[in-house]
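Knowing the structure of chain A, use the given hints to seat chain B with the ligand on it.
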Amino acid sequence: MSTPTRTPTGAPAHLTGPGSGGVGDSAQRPDGVLKVRGEFAYGSDLWMEDMLWGVTLRSPHPYARVVAIDTSAAAQLPGVHAVLTSEDVPGEKVYGLELADQPVLAVDVVRYQGEPVALVAADHPDTARRAAALIRVDYEVWEPVTDARTALGHPTTDALHESDAEVTELSRESAHLHPEGNLVRHLKVRTGDPQPTAEVVVVGEYEVGMQDQAFLGPESGLAVPADDGGVELYVATQWLHVDQRQICSALALPPEQVRLTLAGVGGAFGGREDLSMHVHACLLALRTGRPVKMSYNREESFFGHVHRHPATMRYEHGATRDGQLVYVKAAIWFDGGAYASSTPAVVGNGGTMGIGPYVVPNVHVDCYGAYTNNPPCGAMRGFGSVQTAFAYESQMDALAAELGMDPVELRCRNAMEQGSATPTGQVIDSPAPVAELLRRLEAMPLPAEADGEVDLRHMPGGVSNTTHGEGVRRGVGYAVAYKNVAFSEGYDDHSTARVRLEVVGGEPTATVHTAAAEVGQGLVTVEQQIARTELGVEQVTVHPKDTTVGSAGSTSASRQTYVTGGAVKAACEAVRGQLLARAERLVGRPVPDLRLAGGQVVSDAEEIAVPLADLLGGEAVEETVQWRHRPTEAIDPETGQGFAHVQYAFSAHRAVVDVDTELGLVKVVEMACTQDVGKAVNPQAVVGQIHGGTAQGLGLAVMEEILIRDGKVVNPSFTDYLIPTILDMPPMRVEVLEYADPHAPYGLRGVGEAPNISSGPAVLAAIRAATGLPLARVPVRPEHLTGTS
Amino acid sequence: MEFLQPATWAEALEAKAAHPDAVPIAGGTDVMVGINFGHLRPALLLDLTRVDDLREWTTGAGAVRLGAGVSYARVITELGDRLPGLAMAARTIGSPQIRNRGTVGGNLATASPAGDAHPALLAADAVVEVASVRGSRRIPVTDFYTGVKRTAMDADELIAAVHVTPPSGPQQYSKIGTRNAMVIAVAAFGLALHPDRRTVGAAIGSAAPTPRRAPAAEEFLAGELDALWESRAELPTEVARRFGELVAAASSPIDDVRGTAAYRRHALSVMARRALTWAWTDYRNDAKGA
Ligand SMILES: Cc1cc2nc3c(=O)[nH]c(=O)nc-3n(C[C@H](O)[C@H](O)[C@H](O)COP(=O)(O)OP(=O)(O)OC[C@H]3O[C@@H](n4cnc5c(N)ncnc54)[C@H](O)[C@@H]3O)c2cc1C
Numbered sequence: 006m007s008t009p010t011r012t013p014t015g016a017p018a019h020l021t022g023p024g025s026g027g028v029g030d031s032a033q034r035p036d037g038v039l040k041v042r043g044e045f046a047y048g049s050d051l052w053m054e055d056m057l058w059g060v061t062l063r064s065p066h067p068y069a070r071v072v073a074i075d076t077s078a079a080a081q082l083p084g085v086h087a088v089l090t091s092e093d094v095p096g097e098k099v100y101g102l103e104l105a106d107q108p109v110l111a112v113d114v115v116r117y118q119g120e121p122v123a124l125v126a127a128d129h130p131d132t133a134r135r136a137a138a139l140i141r142v143d144y145e146v147w148e149p150v151t152d153a154r155t156a157l158g159h160p161t162t163d164a165l166h167e168s169d170a171e172v173t174e175l176s177r178e179s180a181h182l183h184p185e186g187n188l189v190r191h192l193k194v195r196t197g198d199p200q201p202t203a204e205v206v207v208v209g210e211y212e213v214g215m216q217d218q219a220f221l222g223p224e225s226g227l228a229v230p231a232d233d234g235g236v237e238l239y240v241a242t243q244w245l246h247v248d249q250r251q252i253c254s255a256l257a258l259p260p261e262q263v264r265l266t267l268a269g270v271g272g273a274f275g276g277r278e279d280l281s282m283h284v285h286a287c288l289l290a291l292r293t294g295r296p297v298k299m300s301y302n303r304e305e306s307f308f309g310h311v312h313r314h315p316a317t318m319r320y321e322h323g324a325t326r327d328g329q330l331v332y333v334k335a336a337i338w339f340d341g342g343a344y345a346s347s348t349p350a351v352v353g354n355g356g357t358m359g360i361g362p363y364v365v366p367n368v369h370v371d372c373y374g375a376y377t378n379n380p381p382c383g384a385m386r387g388f389g390s391v392q393t394a395f396a397y398e399s400q401m402d403a404l405a406a407e408l409g410m411d412p413v414e415l416r417c418r419n420a421m422e423q424g425s426a427t428p429t430g431q432v433i434d435s436p437a438p439v440a441e442l443l444r445r446l447e448a449m450p451l452p453a454e455a456d457g458e459v460d461l462r463h464m465p466g467g468v469s470n471t472t473h474g475e476g477v478r479r480g481v482g483y484a485v486a487y488k489n490v491a492f493s494e495g496y497d498d499h500s501t502a503r504v505r506l507e508v509v510g511g512e513p514t515a516t517v518h519t520a521a522a523e524v525g526q527g528l529v530t531v532e533q534q535i536a537r538t539e540l541g542v543e544q545v546t547v548h549p550k551d552t553t554v555g556s557a558g559s560t561s562a563s564r565q566t567y568v569t570g571g572a573v574k575a576a577c578e579a580v581r582g583q584l585l586a587r588a589e590r591l592v593g594r595p596v597p598d599l600r601l602a603g604g605q606v607v608s609d610a611e612e613i614a615v616p617l618a619d620l621l622g623g624e625a626v627e628e629t630v631q632w633r634h635r636p637t638e639a640i641d642p643e644t645g646q647g648f649a650h651v652q653y654a655f656s657a658h659r660a661v662v663d664v665d666t667e668l669g670l671v672k673v674v675e676m677a678c679t680q681d682v683g684k685a686v687n688p689q690a691v692v693g694q695i696h697g698g699t700a701q702g703l704g705l706a707v708m709e710e711i712l713i714r715d716g717k718v719v720n721p722s723f724t725d726y727l728i729p730t731i732l733d734m735p736p737m738r739v740e741v742l743e744y745a746d747p748h749a750p751y752g753l754r755g756v757g758e759a760p761n762i763s764s765g766p767a768v769l770a771a772i773r774a775a776t777g778l779p780l781a782r783v784p785v786r787p788e789h790l791t792g793t794s
Numbered sequence: 078m079e080f081l082q083p084a085t086w087a088e089a090l091e092a093k094a095a096h097p098d099a100v101p102i103a104g105g106t107d108v109m110v111g112i113n114f115g116h117l118r119p120a121l122l123l124d125l126t127r128v129d130d131l132r133e134w135t136t137g138a139g140a141v142r143l144g145a146g147v148s149y150a151r152v153i154t155e156l157g158d159r160l161p162g163l164a165m166a167a168r169t170i171g172s173p174q175i176r177n178r179g180t181v182g183g184n185l186a187t188a189s190p191a192g193d194a195h196p197a198l199l200a201a202d203a204v205v206e207v208a209s210v211r212g213s214r215r216i217p218v219t220d221f222y223t224g225v226k227r228t229a230m231d232a233d234e235l236i237a238a239v240h241v242t243p244p245s246g247p248q249q250y251s252k253i254g255t256r257n258a259m260v261i262a263v264a265a266f267g268l269a270l271h272p273d274r275r276t277v278g279a280a281i282g283s284a285a286p287t288p289r290r291a292p293a294a295e296e297f298l299a300g301e302l303d304a305l306w307e308s309r310a311e312l313p314t315e316v317a318r319r320f321g322e323l324v325a326a327a328s329s330p331i332d333d334v335r336g337t338a339a340y341r342r343h344a345l346s347v348m349a350r351r352a353l354t355w356a357w358t359d360y361r362n363d364a365k366g367a
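For the protein sequence lines, the chains are A and B, in the order given.
The numbering of the first sequence is the working numbering, which starts it at 6 and goes up by one.
The numbering of the second sequence is the working numbering, which starts it at 78 and goes up by one.
Bound-form chain A, shown alone:
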């Protein structure tokens, strides 16, 4: 085995302390103090004495043929060590999470603005940037395809009356962006009567804009060439092993020679599932024989990762007069942008869960993912479910209005519960407290109406002083959502954990080693908590995350506490098994109630207490376990039927807003959330996830959107891509329910995504209630509320 000759500054260290706390405690984060003090090293802090800086030249055009690339002037600039194009990619020239369709560096055609075309390594970032500007690329610029429905040849006019359109021939204007055509995936759900009728019918068409993950730590990493001809990559990412697979393929190197270590990650939210600078830095490092650092600036970051799919959705709900849902028909179009990324799985979620957590006998859903020349879209928290929730919850409100029924009552009448069947024919075999979540919200007191002294901070518009109460109307809205946890549709979803127990400085100490990316959510804390609970020790060290242990799967799909948590628990159990066996050997007979507690092997019945220090001596016990949740299965391609998802998470929100109806400004006064988490492994972290998810959903409802004109992003900065501030995100009421899922470790449910899904639709409903406007598009802009679009 080859080891790197040197370790960069800013490479991750083992995380220990501060503390204590097992499963169910609000244990402190081991990296918390470092982060609060500003001492935690993020990917952008990586440093090595003789490193070079890598820079990417990107396409200014959304769609063009690359006629010629001339790198000679750039290569001659003093300080430049390498200039690379697709010809320098030794292995496969395309990569991708699910389909390999995205060029490492543009080959012949660029399909989105910002597509990487060439790379430069130089001894100074400025030199590298100047050199990149000297690369001459001749483009033959083509007309971009910028609408998903157009790309698929669907008529875009009179969509309201065009029900269940099938994919037709591509219209003449829409070129094939990829050899197989512009359709990435078409998912069908068919159940019940194909021609249902109902007493009351509501039809609506909805649109969701393109949201960005807006993580604060830009894409960053450092590639170090190794003595064995391989490379060490330190990178801020979400799934080391899937990166490794794609890097190996592009570099034509075996996995042993491409070793990854997780650098400090400043947020992810799905935006780090795809490769960004990974292969680029490795190519430059291998070419120059020097360490190469790449770190995007904020503007480049907007082009350096995938975004949330924008969606247009047409829904038709049929119900009886007393509010029983009879049928739902839906057509959902996701704009996947130029490359597939995780569009197939996003379509999977959007389609299978597209009607919400309701029991509906007759369902007809078509969900499409399309290629266009817009920025590539892929994973983002909520993953296909965020978009559809805006549509189905808007429909539930519209139906309630049509029926003259209370919106919560209508939802509760149709709510899923344990034993209900989903539209994909899956019987829900663990608690599904949809109605209870809503009823609990309803029972919470409402915030007081503003009265007396005007505090601008509580007004729509805030301290910008636009109203002292004039034009302000209050609205309340509810929404409920569900989301699959972990990977679905038959994917072999697993994680690996290595746990070691030894005595360090007289103290029994466990080390947990997984490749599961800590992206800020607190998985490192959870790993410690599980080890403390399972092994009865206080000291738990978290090993840096790297590829010297097996894959943990992605930090996404709300899955790590479940799947990597499950693996850590299983590895601890294996270690414990060894220790108990040793203890029994020591005692000389089986002891049924032998357990680990307080750093000892104890039996209450036999009054045994053997310190682990004595039992282990100088030895270590180590176990590595690969752990799987129960398998899911692929769904039927024509009907969508099948056991697609291993677990569901449920959450509901109530939003209270004040809207300045004359100026179209919104102040969210309060967000309340109820969520069933099965088991709160770390209650404080759970509430943190709920707050954060709520803020991100609120952001999409009222401000967050990447604006695109003719395939070009017009607001790639935090000046104009707005995310909520503390004056936009109100205080919250949170109620956490713990109905155990008997199939999951500790009964837990994934937490991170559900609150991101139900939050925005509740805000939208509240704005509708305040204004009386129909509002079918998010984010809602002041123009939409004032008729000045």
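These are calculated hints, taken from the structure and not from any lab test.
Hints should not be assumed to be uniformly reliable.
[To be verified] One side only, chain A facing chain B, incomplete, derived with CB under 8 Å:
| # | residue |
| --- | --- |
| 1 | Thr90 |
| 2 | Glu304 |
| 3 | Glu305 |
| 4 | Ser469 |
| 5 | His473 |
| 6 | Val607 |
| 7 | Leu712 |
| 8 | Asp725 |
| 9 | Thr793 |
C-beta atoms are modelled at their ideal positions from N, C-alpha and C, and glycine is treated no differently.
Chain B with the ligand in isolation, oriented as in the chain A frame:
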């Protein structure tokens, strides 16, 4: 990139005369953003933060002389009573960090149509004091903005201060942003009632190539108020509404990523109407208090 750090005002002026291309830097909240985004690549930075005079404000001859380097945070805490309109504008700017660093001089020199100090300064008839080794001169702020991000300053000049007369009547400042804090103005409005002169100052931001006054609105309102200054009678709602319309009519906004022209016009009319209503209520209440 070279970095000059004059210790005195005279040295600063000499440096600027010797290097007219040098980019002054005060709080750096515009300059550093420009450099980070690659929009600005100055060969020479002229750091003004060591020049103590720039960070002072004094009162004399009826007006406050506000040094170009006084931060927004200090305008709010130290001058909230003397320069209420500017302080209200300052309160809408950025975040606490930006208000600690950002200066009124920097806002003037950037001369962005969206700069928040401008409508307040325009409404208050402020005067900009610029200086060079050739001497100093005073430019009424109304004449200061000559085009999109262009000013009446010469290449060798620096802003020394801005002179603002404390008001004889109420002032208001309102700004629209698409979130409730830390946002660039989509449209902004500054109002100053001058009962001593029986005039009105009304100015708009983010709704034309430069910050600008709304003269027709000012004249209309001054005419209507002529009969009301003494009596302090209630303001007819029709007057406030018409004033709003005239303020909106003074704008020439565009559609951009931050908002549509139609929304900006609409928002200006609403802000102007409301601001006038608040200002007039304050004026009437003042009399009761006095
Ligand atoms: C996050 C953020 C939020 C912001 N929010 C707002 C906002 O809400 N409203 C708003 O109006 N602005 C906002 N700004 C912009 C900025 O803060 C203001 O324009 C501020 O007034 C600039 O002042 P400064 O001292 O930082 O200027 P600097 O960046 O130092 O300089 C700005 C310009 O002025 C020149 N200059 C500085 N001093 C002098 C002088 N004495 N003589 C001649 N030229 C000089 C510089 O050369 C430069 O051209 C924001 C900026 C950021 C980064």
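Inset, instruction - Have a go at the valine 607 of chain A hint: is there a Cβ in chain B nearer than 8 Å to its own Cβ? - result: Nearest chain B Cβ about 54 Å off; hint violated.
Inset, instruction - Classify the hint on serine 469 of chain A as holds or violated, based on whether any CB of chain B lies nearer than 8 Å to its CB. - result: holds, 4 Å
Legend entry - Cut-off 8 Å, beta-carbon criterion: hint that glutamate 304 of chain A touches chain B: This interface hint holds because 6 Å falls under the 8 Å limit.
Legend entry - Supplied contact hint for threonine 90 of chain A, tested at 8 Å Cβ to chain B: violated, 23 Å
Legend entry - Hint check: 8 Å Cβ-Cβ cutoff, aspartate 725 of chain A to chain B: holds, 5 Å
Inset, instruction - Would you settle whether the hint for glutamate 305 of chain A is holds or violated, based on the nearest Cβ-Cβ distance to chain B being less than 8 Å? - result: This hint is violated: glutamate 305 of chain A lies away from chain B, its Cβ roughly 10 Å from the closest one there, beyond 8 Å.
Inset, instruction - With chain B as the partner, please determine if threonine 793 of chain A meets the hint condition of a C-beta pair closer than 8 Å. - result: holds, 4 Å
Inset, instruction - May I ask you to test the interface hint for histidine 473 of chain A with respect to chain B, counting a Cβ-Cβ separation under 8 Å as satisfied? - result: Where the cut-off is 8 Å and the nearest Cβ of chain B is about 7 Å from histidine 473 of chain A, the hint holds.
Inset, instruction - Using 8 Å as the Cβ threshold, decide whether leucine 712 of chain A counts as touching chain B. - result: Where the cut-off is 8 Å and the nearest Cβ of chain B is about 5 Å from leucine 712 of chain A, the hint holds.
Of the numbered hints listed earlier, those contradicted by the structure are 1, 3, 6.
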